[in-house]
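> For reference, the chains in residue letters:
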Amino acid sequence: MRALERTFSGGVHAVDGVDLEVAEGEIYAFLGPNGAGKTTTVRVLTTLLRPTGGEARVAGHDVVTEAGAVREAIGVALQEAALDPLMTGRELIRLQATLHGMPASAGAERADALLDRVGLEAAAERRVGTYSGGMQRRLDLASALVHEPRVLFLDEPTTGLDPVSRKTIWEEVEKLNRDGTTVFLTTQYLEEADKLANRVGIIDAGKIVAEDTPASLKAEIGRPHLEIGLVDGAASRAEQVCAAFGRPMPEKDGKVLVELERGAADVAQVVRALDEADILVESLDLVQPTLDDVFVAKTGYHLEGDDEPESGEEAIVE
Amino acid sequence: MIARLLLNLRVVAALGRRSVRQTFRRPQLFAPIIIFPLLLLAIQTGGAAGAVDLPGFPRVNGFLDFMLAGAMIQSTLLAGNSGGIALAVDIEMGFTDRLLAAPISRFAIVLGRLAGTAALGAFSALFFLAVGLVFGVQIEEGVLGAALMVAFVTLSAIAFGGLGAAIALRTGRASVVQGLFPLVFVILFLSSAFFPVGLMLEPAATVAEYNPLSFIVEGIRDPVISTLSGEAFWKALAAITAIAGLSLGLSGLALRRRLRTGG
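These protein sequences, in sequence, are chains A and B. Start counting the first sequence at 1; every next residue gets the next number (my numbering). Start counting the second sequence at 1; every next residue gets the next number (my numbering).
The reader is advised that the hints may include incorrect statements.
Covered by chain A, according to a simulated footprint, are these stretches of chain B (three or more residues, beta-carbon under 8 angstroms) [stated by the list, open to error]:
(1) 4-17
(2) 101-111
Here are the simulated distance ranges between beta carbons [to be verified]:
(3) B:A31 with A:T52: 37 to 47 angstroms
(4) B:L9 with A:E174: 31 to 41 angstroms
(5) B:A242 with A:V12: 39 to 49 angstroms
(6) A:E174 with B:G94: 46 to 56 angstroms
(7) A:T130 with B:Q178: 24 to 34 angstroms
Everything labelled a hint here was simulated from the structure, so no lab data went into it. Values in this document were obtained by computation on a predicted structure and should not be read as measured data. Backbone N, C-alpha and C fix where the C-beta goes; we use that ideal spot for every residue, glycine too.
With the hints as constraints, model all of the structure from the sequences given.
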């Protein structure tokens with residue numbers, strides 16, 4: 001996509017000049033908080049929403065002028081699995097097969113295979129409303145695969161799921177990718193992007209602020225940081241002391257964070273300096289760079305923290 | 001081209017089947033179509049049967065003969081409203097996005113819903129015909145008349161379903177479509193569905209006389225209480241065609257707007 005824009009009525013720029021390219025066979029993760037523009041981008045790429053500026057091509061087809069061809073090439077599992085609770089799992093997949101032009105017999109066979117693949121064959125005749133959140137996501141994923149799409153869009157596929165269900169979805173996505181499917185997923189989970197993606201695009205306020213492989217993004221940050229838990233909450237004094245050893249970072253979970261200029265070599269000196277300042281330390285962790293550090297470096301706040309900026313646009317763009 | 005048309009017809013049929021299943025599985029959607037009209041029919045037939053003796057009341061074999069068309073049209077109007085509610089629920093929960101992301105004609109989504117509403121209309125017509133026959137209704141025009149009644153009710157379901165769909169697509173909110181429920185009864189009582197226009201007081205009589213619903217009701221009632229009249233037939237067909245044209249047009253516009261704005 002080139003200079004992609006999507007502005008809503010009221011002048012809200014949900015997507016504000018996004019450029020990116022995803023190679024065939026890649027898993028690309030779009031990482032950002034609620035309201036960043038992830039879902040709006042996916043809705044444009046899946047032809048559910050027209051862009052207001054720029055251009056986007058999916059599987060070689062323009063999303064505006066060749067929307068039909070795009071829809072034939074893609075599979076979509078949207079945020080909050082959009083399933084009919086009154087349908088059974090099998091009915092849903094067979095309907096999806098019909099929507100993609102498959103004959104009834106082929107649709108029935110494909111439904112059997114996909115339900116088996118996502119471990120839902122035993123629940124196939126049950127109404128979707130009786131499924132757990134994890135089962136619903138697996139069914140949603142299965143329905144997106146009915147026509148063996150070249151490109152699979154997954155919008156926050158594991159949001160709200162327990163760790164076991166999350167892992168199951170990850171394994172399935174990896175398997176699909178090994179089979180040659182290009183995957184474009186959005187997530188607000190750093191671990192998800194780190195584990196699954198070949199490349200990560202960090203989006204904030206409708207703009208891409210960083211894009212590379214997870215390893216390269218972390219290497220760009222370079223230095224590890226120290227997370228210091230304090231006994232008496234003397235955070236401001238501790239920050240002053242630590243400032244001598246590197247760049248202070250925003251607090252996280254009540255801990256003081258500092259990016260060490262010389263890495264692990266600085267730890268002993270930091271401990272001595274805190275001790276000399278009569279600051280009681282409860283815990284001390286040397287943390288290697290994570291995607292969260294990348295996120296902080298690029299946006300100034302933590303993605304998975306409670307200190308991200310308020311977004312008044314959330315209801316409109318996500 | 002033909003393959004594309006056949007695909008879209010299969011999609012319309014599949015979505016219609018889903019719509020019917022959805023209605024039978026959700027009592028809130030099913031009850032207005034069968035239970036409410038049946039209750040009103042029972043209450044009115046039991047409590048106001050003496051109305052047939054009023055001067056100016058059409059000549060009928062029994063009050064139920066007169067009321068049957070009203071019950072059918074009430075059921076059809078509520079089927080259209082229920083179809084609109086179901087479509088709005090689909091929009092609210094994102095199911096419509098699943099359909100919009102598929103390589104099908106987007107109007108097939110609306111037509112699929114209307115196909116389901118039409119099937120429910122036919123079911124309702126057959127149900128009330130059966131109820132009527134069990135309780136002694138005599139259809140003057142016989143089997144042909146009964147077939148005509150089912151056809152009119154089915155076509156009316158498409159017309160009224162289109163209105164429900166248009167409102168659902170325009171607002172995307174089930175509560176708004178549901179809020180029109182009382183309006184259905186206002187329109188019904190200001191027509192000849194439950195009482196002859198000639199016995200109404202002004203201004204209700206004038207409103208009912210020109211209410212398109214009255215034309216449809218008379219078209220459905222005519223084969224029951226008298227020999228088929230060309231005038232009633234053509235007026236009913238014209239009213240259904242006009243409402244269907246309007247409602248499908250509005251649905252198309254609402255769908256286009258939704259696709260353009262994304263909500």
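> Between the stretch 4-17 of chain B and chain A, are there enough contacts, at least three residues with CB-CB distance under 8 angstroms, for the coverage claim to hold?
With 5 residues close enough to chain A, the hint holds.
> Is 39 to 49 angstroms a correct range for the gap between the Cβ atoms of A242 of chain B and V12 of chain A?
holds, 41 angstroms
> Within 24 to 34 angstroms or not, the Cβ separation of T130 of chain A and Q178 of chain B?
Holds - the Cβ-Cβ distance for T130 of chain A and Q178 of chain B, about 25 angstroms, lies within 24 to 34 angstroms.
> Does the hinted range 37 to 47 angstroms hold for A31 of chain B and T52 of chain A at CB?
holds, 44 angstroms
> Is the listed coverage of the stretch 101-111 of chain B by chain A valid when you require three or more residues with a beta carbon under 8 angstroms from a beta carbon of that chain?
With 4 residues closer than 8 angstroms to chain A, the stretch 101-111 of chain B meets the three-residue bar; holds.
> Quick check: does the Cβ-Cβ distance between L9 of chain B and E174 of chain A fall within 31 to 41 angstroms?
holds, 39 angstroms
> Confirm or reject the claim that E174 of chain A and G94 of chain B have a C-beta distance inside 46 to 56 angstroms.
At 26 angstroms between Cβs, range violated.
The structure fails hint 6 only (numbered hints given earlier).
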